[in-house]
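The two chains are supplied separately, each in an independent frame; assemble them into the complex guided by the hints.
Listed here are the chains, written in short residue letters.
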Amino acid sequence: MKKTYEKVPVRIKGLLPTIVILVIMCAFFTIVTDSFLTYKNIKNVLLQTACMSIVGVGLTFVVICGHFDLSGGSVIALIGILAAKMLLAGWNTGLVIVLVVIIGALIGLFNGLCVTRLRLVSFIVTLATSIMAGGLALAITSGKTISGMPENFLWFGSGKVGGFPVAAILMLLLCVVFHFVLSRTVYGHKVYAVGGNSDAAHLAGINTKNVVTLAFVVAGCLNAVAGIVMAGRLGCALSTAGSGLEMNALSGLVIGGTSMKGGKGNIIGTLLGCLIIGTLTNGLNLLNVSAYWTDFVRGLVIFLAITFDAIRWFMKKE
Amino acid sequence: MAKKILELKHISKEFPGVKVLQDIGMELYEGEVLGLCGENGAGKSTLIKILSGLYQPENGSIEFEGKEVKLNAEIAMGLGISAIYQELTIVPEMTVAENLFLGRVPKTALGLQDPKAMERESRKILRLLDLDVEPMGTKAGDLSLGVQQLIEIGKAIGREAKVLIMDEPTSSLGKKDTEHLYSIIRRFREKGYGIIFISHHMEEIFEITDRVAVLRDGNLIDTRKTSQWNVDELVFAMVNRKISQQFPKKHPSRRTGESVLKLTNVSSSKVHDINMDISAGEIVGIAGIVGAGRTELLKTIFGFYKITAGEVSIHGKKKHVKSIRSALDEGIVLVPEDRKKEGLVLEQSIQDNIVISHFKKLSHLYVVNNRKIREVSLAGVNKYKIRTPSLDQIVGKLSGGNQQKVILSRVTVDNPKILLLDEPTRGIDVSVKMEMYQEMIRLAEAGTAIVMVSSELPEVLGMADRILVMREGRIVAALSKEEATSELVMHYATGGR
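Chains as they are written, first to last, in my numbering: chain R, 1 to 318; chain D, 319 to 815.
Source of the hints: derived by calculation from the structure; they are not laboratory data. In this text the structure is predicted, and so the values were computed from the model without any measurement. Do not rely on the hints blindly, as some may be mistaken.
[Stated by the list, open to error] Restricting the straight-line Cα-Cα distance to at most 27 Å, the calculated cross-link-like pairs of lysine-lysine (DSSO-like) are:
#1 Lys637/D x Lys209/R
#2 Lys679/D x Lys264/R
#3 Lys635/D x Lys209/R
#4 Lys640/D x Lys209/R
#5 Lys635/D x Lys580/D
#6 Lys209/R x Lys580/D
#7 Lys799/D x Lys264/R
[Said to hold, decoys possible] Distance windows between CB atoms, simulated:
#8 Pro424/D x Leu16/R: 54 to 60 Å
#9 Leu118/R x Gln431/D: 36 to 42 Å
#10 Gln431/D x Leu234/R: 42 to 48 Å
#11 Leu120/R x Gln431/D: 33 to 39 Å
#12 Val608/D x Leu120/R: 53 to 59 Å
#13 Phe303/R x Glu383/D: 42 to 48 Å
#14 Gly90/R x Gly714/D: 35 to 41 Å
Cβ coordinates follow ideal geometry from the N, Cα and C atoms, glycine included.
Chain D extracted, bound-state conformation (with noise of 0.2 Å):
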């Protein structure tokens, strides 16, 4: 048997009101590729984030090497424990070398940078790399998005690592680069490395991990052996659980059939060939994994990103939706995933949040009438049950949820005809969320044709009459609420056929 490099006992995490990881028990064994697998939010970002040392978990111990560790971000570097994010943190306008060794340049006698040792250092990591790069005269910014990702790795291995943690490391990679990816990856398993590899890809688990810990709703599931696994039975590891919430049902009788929203082959620079129809009264569900292109699709619905080809029909009419005026004035309206970034202007009150999209209607001749602003966000407040002790209260001082009935309020001052919904309940407790989806019915049943984000699958399969299934910017699947289930839909969302 292998030794084992790390062991976490009993990690527990909690965030205000989560909890996010319990009584987690985990090993890691030199020379091994241990495959990280979970949906959205299920802990795994949270799990690395404490052995990377950037969280203390509230209970629980880790053991490096047999030796209990209380990790920070300094001991575990240390310790040689490097994670790789998806987000890279080369920085572009360095050389490579420069960023190899980022923080801890080698230093001559005198205290100056020691060029020479770099060089050197840098070679013999760039070797290891399989990289043919001139680590010296290269500009990281100008390398290819794929041997950035590799330089990222050799700043890790640079540091004498032990641990490699990759957050799904090939998301944005090519095929050839993922190869490339894959034999370092075996190379440093022969060294003896531990390896914690995280993929929503299926075919790449099986391909480069030994053994599959799963995770689901912060509870570690199952570890086994890769060989002892197959794609069905990982899939309803990771989905599989009680439904613990029961979702309000629609009336089907009052829905109308009609086509409200008609995309045919839409392009636009995020997302690909899309076609879907909608009826009014009806609720499209979108899922999909992270970077699938769900959000892009509905920016690219609501006039912000620039369709390049194909053609969109509102009521059955061809429309030319240029803008995001144009396509409000439309009656396409927009929930954003990011209700801080995007949704709400946080310094500012309630009522002005509220109104921010309809002044048109607001004023006359420009100047804006206060009694009607007051009248309009009022009539919101009092209709979402907002708490607040004033129309003027601060909205970034208000909880999620509250925050997030503003904003529901804003964009259904008028009945909105197409309502876009980005993950709705992201960050919100369950009582709001129940009266969210109540919101959505009660639309749904006046009338409005509703497309819902959501990267909850109880709450997609819970919601929608259909389910549209995203991958890479395309739609690979469109599937009935009878016929979709959790495993189905995971299926196609990470690769199936």
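Chain R on its own, in the form it takes in the complex (with noise of 0.2 Å):
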């Protein structure tokens, strides 16, 4: 007798607590204030939840490899700034947009070939990026603001299709495509067993360095996208465009269950995560909290995240 087997996806289950605490918080923001449930405010909530996610999109498939990606932030006001120089110089959109999605592309490629080939450690490859760009990001302004950038580059940050924020529905979209990469195609499977065992894939054939290489690319083209976005949000390219955002986006996958061990994670849990982080951003504004206090209590919404999994974690082991 030959045995069948039901199909449960499994990468996607163990989101329901973050489901919970998402449901929970928002409920509680609806009661404790007026305008929390308004068609206006959740708008507001995806439009400030954008970028993070969509550096997080990007985050998450590094830190599955086992990685992790720190140069987020700087990349998105790099990248805001090497745009608007272009776009005052008089070129393309769509030229310039181009241009600088290839420019992120080859940051990460650039971070992806230090940590497989050198064999540096990510985190410290990464910071090192960051602060070049960063730098650079300062010189060529000299530190002041650029404006003047034209309308159909801004219109991805700031523009509306049918009343509802461009950069939500790119955000929703990023998501399903890198969800569907993932989930469906062969090198998310790859992006799953490099991270959860380097060796035994190896062994099994895969490419273990072109697949993290190709992560670390993959992030460095969405640092890029959220860069776009960001310029366009601000109506203006500044060097502390996309200040602290990796860390933002790194807390939501946190919360998203993606581990930091590696092999573990995924594309909705990380846009979840970052509507937890941007909902409570959002609804303490609207109590009148003060911005550091806000710190405060994000930090502690993370610390309670990350140790309701280890507890969950234990209780599986017993």
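Take a look at the structure:
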């Protein structure tokens, strides 16, 4: 008698706690504030979460591979500034977008090659890249803000389609695309295998170096996209544009269940995690909590989320 | 008669499901070198770990200088029992003196480090070891392996050792360093130390020991004065056993005799000058002691280590296997030695682990075909009767035997031309072992050429058509099934000619 087995999407399981946290949080803010559950505010939350989520999607690939990419924030600033310079020189918007995404990819390629070929620690390499990108941004602008970019470029960050922010649509679209890449393509399967056990993946015939390098390239491209969105949202380019964003995205990842040890995680979790961070920031704003306390509470939520995860892990072990 | 330092009485140790040591009785006297011999897995390491307090025996007692003691790591160290393992525990970035006094740095009255005392004591120890090394200025990592090994010993005697246990201390040493080590051992013997010396090399055993004890399958077979042993008797004591297992028989008529894999003078960074020619349907066993280069030979064939000289032909055609991917494309597959570290992605499902090598076949335009993936993994699970509630079961939760079957399912998705098996039955129970043997026979009869590395000699003798014996990265003997015996294989593996 041959057995057949029913189909369960394993990697999506375990998202329930994240959803519960998000729902409870939304319910709480709906009750204690008047303005939370309004169409306008929801749009606002999505807009505010867009850049973070886009960076988070790329970061998810890198972290599942078992590495880090700390360059997100600085790359956002650098990309915005480079785009602004090109646009002000009169270059075509479409061309500029293609060029800056390629530049983002090259930064990712550099990170990836340093990690896989030179065997440098990703945490340190991307820290260096981050400082270099940030420094370059400062050097190009001398710390000044660049404004005057054409409307069709700013559209990605501040435009609307049918009253809905383009940035939020872009975020959701990228999540869908990269969720598909991670869960259904050969490359996605390889990412999980390399992150789960690099030696075993290598002996099973997977070119682990290329898989990891490509993950950094994906992250680099998405950092560049986030840079475009950020410049559009701010209406200008400045050297501090994305500062700290990669850490917020990383918190979103952790809350969404991506393991820092690699091999585990998914895009839906990352999106939910980033939404939790965004909702929290927004709700506390509506409650008129001071910005200083907002950071404290955000830290606390991250701590609770990972502790909860650790406890669940221990209970499973027992 | 010299004084007894250590006496073991009726020591037994079990791991879940396996009796590793049974009723061991052993003595160690002052001023003697006791050789400890046995095959891989005979229980030597477990015995050392019991003596150094890392494992506690289930039964039996240990007497130290006539008094019964319960050993843990701290007590063992306090009594002066020191073990020196094959793997060095030197901290390469620290100086020689810091290494000698690791964890017990001499202190001044104020509780600060006392570099003067450290230097003085270090020099004393180094003089005992005949080492001309500057203790304070030299980083341990800059010294040769042989000197590092001696510094390990220095760490032990610095703690006022009475019993020194050395686990294959010469395995990484050259001739000169080995001679040096012998002279040190002899000096300690004169000083009244009790020394337990473990080695696979017969010449060493006869050169340095006073008595030799032989372990086999967890039992102490015999202990005699070294002068009362000869090489043949010793090897016989190590390997002779009742054949408790029956091995399935292969249908010889199905062998085609067509050469599938031929290596001519192949070398890599790990193995040297390898010649072998394997036919379709043939099972070739590779024997040798730990570190002889068996795993490395398989990995060289598999494209893991770069081939630096010689040539490889598959089905008579010269091939350049430059990566694991190209090996797989040629139909060469490997079941690695350490299934948890190298074989499986433990936190992923059975299905993920089976299809990991076959994405090309199971996808279209880079998108995986979930239906095909399930078909292929289901076929594997059914073929090998992997016991699991679901294809999505996390592999880490399966038993060792079922884990091995998952790897076997992976490598046999396409009928492989050449199957490389590295310790295929390690840590799995008898019934699964039998299934593994039957599958080997089935694949061989279907025309697969099989190369099997195993530390279990009966398995090699029972399953292989031919046996190649390796030592120090080279093939030192090729034996037919008819002429191969445990004694002969061990003879070549341990350095006989």
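Status of each hint after checking the structure:
no., hint, result
1, Lys637/D x Lys209/R, "holds, 24 Å"
2, Lys679/D x Lys264/R, "holds, 25 Å"
3, Lys635/D x Lys209/R, "violated, 30 Å"
4, Lys640/D x Lys209/R, "holds, 16 Å"
5, Lys635/D x Lys580/D, "holds, 9 Å"
6, Lys209/R x Lys580/D, "violated, 30 Å"
7, Lys799/D x Lys264/R, "violated, 48 Å"
8, Pro424/D x Leu16/R: 54 to 60 Å, "holds, 58 Å"
9, Leu118/R x Gln431/D: 36 to 42 Å, "holds, 37 Å"
10, Gln431/D x Leu234/R: 42 to 48 Å, "violated, 57 Å"
11, Leu120/R x Gln431/D: 33 to 39 Å, "holds, 34 Å"
12, Val608/D x Leu120/R: 53 to 59 Å, "violated, 34 Å"
13, Phe303/R x Glu383/D: 42 to 48 Å, "violated, 55 Å"
14, Gly90/R x Gly714/D: 35 to 41 Å, "violated, 59 Å"
Hints 3, 6, 7, 10, 12, 13 and 14, counting from the list given before, are not met by this structure.
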